[in-house]
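Peer 1: What follows is the residue order along each chain.
There are 2 protein chains.
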Amino acid sequence: MTRTLRLVVAYDGTAYSGWQIQPSRPTVQGLLVAAARPLLGEDIRLTGASRTDAGVHALRQTVSIRTARAVPGGVVVRALNAALPRDVRVLGCDEANAGFDARRAAIGKRYGYLLNDAPIPAPFLLRYAWHVPGALDVASMRRGLAVLRGRHDFSAFRAAAGRDRPPTCVIRALHVVRRRDRIAVVVSADRFLHHMVRNIVGSAVEIGRGARSHTWLADVLASRDRRRAGPTAPAHGLTLIRVLY
Amino acid sequence: MTRTLRLVVAYDGTAYSGWQIQPSRPTVQGLLVAAARPLLGEDIRLTGASRTDAGVHALRQTVSIRTARAVPGGVVVRALNAALPRDVRVLGCDEANAGFDARRAAIGKRYGYLLNDAPIPAPFLLRYAWHVPGALDVASMRRGLAVLRGRHDFSAFRAAAGRDRPPTCVIRALHVVRRRDRIAVVVSADRFLHHMVRNIVGSAVEIGRGARSHTWLADVLASRDRRRAGPTAPAHGLTLIRVLY
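Chains as they are written, first to last, in our numbering: chain R, 350 to 594; chain P, 350 to 594.
Worth flagging that the hints you see were computed from the coordinates, not collected in a lab. Note that CB positions come from ideal geometry on N, CA and C, so glycine has one too. Treat each hint with caution, since some may be false.
Using C-beta positions, here's what the derived DEER-type ranges look like [what the hints assert, rightly or not]:
| id | chain 1 | residue 1 | chain 2 | residue 2 | range |
| --- | --- | --- | --- | --- | --- |
| 1 | P | D486 | R | H524 | 32 to 38 Å |
| 2 | P | G441 | R | G448 | 56 to 62 Å |
| 3 | R | R521 | P | A484 | 29 to 35 Å |
| 4 | P | P375 | R | R453 | 37 to 43 Å |
| 5 | P | T564 | R | G448 | 53 to 59 Å |
| 6 | P | A495 | R | T351 | 53 to 59 Å |
| 7 | R | R521 | P | R418 | 54 to 60 Å |
A partial selection of chain P residues facing chain R, derived with a Cβ cut-off under 10 Å [stated by the list, open to error]:
| id | residue |
| --- | --- |
| 8 | D402 |
| 9 | A403 |
| 10 | A407 |
| 11 | V439 |
| 12 | L440 |
| 13 | G441 |
| 14 | F449 |
| 15 | P468 |
| 16 | I469 |
| 17 | F473 |
| 18 | V481 |
| 19 | S489 |
| 20 | R492 |
| 21 | V496 |
| 22 | R498 |
From just these sequences and the hints, can you work out the full model?
Peer 2: As structure tokens, this is what we get:
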């Protein structure tokens, strides 16, 4: 009988070429498959809810594994963590309903993007925050981003060579929070286009540093033209916070 | 004429054999001296307020440099940061009174020690927190540590091969703060013995995990015997927060 396990996985993406398994490159999916096979069999199917890009981190990525073997969740957690490098950790594992697919079952995801606007970049944030020197105007960023809330065609914020899928997403929450010289942009949506958060943040920074007015994004959104939005923010500031089911 | 510069320096200590310059090992003082000489001359004298151990971090280490050259603070900041690796950053530089010595002039220091008591260690905290699995009882830790506040002979908390200097220190503030699965122990004192914070934290963890009662540290302190206190907490959880003048 086939069983489906649901895992919660955290990782520091600094050392990895993203989530998706690739020949001869270290990826998080590749590591998990290699760690899981001795325990769960060669013919497992392992799916992550979010295919995070190279350098992107995850606090709680959800992963489903189909396996023919019956292994208790606690054993899976210990065995995988013993085989994985320390910057990838399985936080929990339980048995899901038959046919559960972490990617297809997700009804939403929440991402966080960390900015550091200190004059000199803080050594502790190097791996986790995009350093933008010169104080950002967070109030303007908030006003500028407000227009993105709700259901829209986000073609203007998809990757230049965007994947061929419907460009409509629903942003349910979008917050900008400052704490000293760290600014977190948190975005929750039913789904995301490729590079969508990083393009939104790159545009928000244009507003925050005064290069664009807070009314700019309404035009960018309506244009559906990627060339109108700001640059893509670097991957290392982005973290998958959680997946919603 | 000799001038004295006062610098504020932040570093991630992970890659370094501590503060103090050593032949053929990477140290923070060694990096700063090498970065400063082309700008400030070969005969500079560079002193840090705290000789942090290998792996210990600093948010605001204070450094004094005596030099015969007159260079504006902003130029020093830019030149040093251009020459230093990204995990060591000069945050500021100004001219101090003649004869200012960052170490001798300090009237106190504040250190923070970060613990992570999640069942599975968080990848993001690997470099900055000591992972102690199993929930720590923070209320007991607070009660147990309270006896250390004030002026005491801290011989019981100095390094086993402690340096030969007076063992009396005044702990002005000592706090234990939990935020989810992260616990910060913050200690301010007029001066610190070698390994003192790490030995205090190692002892606090013994109380937090229930191996010792909250009354234990009164006996340990009175004994002045290093063998009575808890183990030395690992270096990577420790951060010099700031130096007081």
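Peer 1: Tell me if V481/P is really an interface residue toward chain R, meaning its C-beta lies closer than 10 Å to one of theirs.
Peer 2: violated (15 Å)
Peer 1: Please check whether R492/P passes as an interface residue: C-beta within 10 Å of a C-beta belonging to chain R.
Peer 2: This hint is violated: R492/P lies away from chain R, its Cβ roughly 30 Å from the closest one there, beyond 10 Å.
Peer 1: Using the nearest Cβ pair, does G441/P come within less than 10 Å of chain R?
Peer 2: At about 8 Å, which falls below the 10 Å cut-off, the nearest Cβ of chain R leaves the hint on G441/P intact, so it holds.
Peer 1: Taking 53 to 59 Å as the stated bounds, is the beta-carbon spacing between A495/P and T351/R within them?
Peer 2: Given about 57 Å between the Cβ atoms, the range holds.
Peer 1: Could you check if S489/P really has its C-beta closer than 10 Å to a C-beta on chain R?
Peer 2: violated (26 Å)
Peer 1: Can the hint on A407/P be confirmed by a CB-to-CB distance to chain R that is less than 10 Å?
Peer 2: holds (9 Å)
Peer 1: Do the Cβ positions of G441/P and G448/R conform to the proposed distance bound of 56 to 62 Å?
Peer 2: Given range 56 to 62 Å: holds, Cβ gap about 59 Å.
Peer 1: Does the interface hint hold: is I469/P within less than 10 Å of chain R, judged Cβ to Cβ?
Peer 2: holds (5 Å)
Peer 1: Given L440/P was flagged as interface, is its beta-carbon under 10 Å from a beta-carbon of chain R?
Peer 2: holds (5 Å)
Peer 1: Mind checking the hinted window 54 to 60 Å against the Cβ distance between R521/R and R418/P?
Peer 2: holds (58 Å)
Peer 1: Mind checking the hinted window 37 to 43 Å against the Cβ distance between P375/P and R453/R?
Peer 2: Given range 37 to 43 Å: violated, Cβ gap about 49 Å.
Peer 1: For the restraint on R498/P, tell me whether the closest CB of chain R is nearer than 10 Å.
Peer 2: Interface hint status for R498/P: violated (28 Å vs cutoff 10 Å).
Consistency with the previously given hints fails for numbers 4, 8, 9, 14, 18, 19, 20, 21, 22, ordered from lowest to highest.
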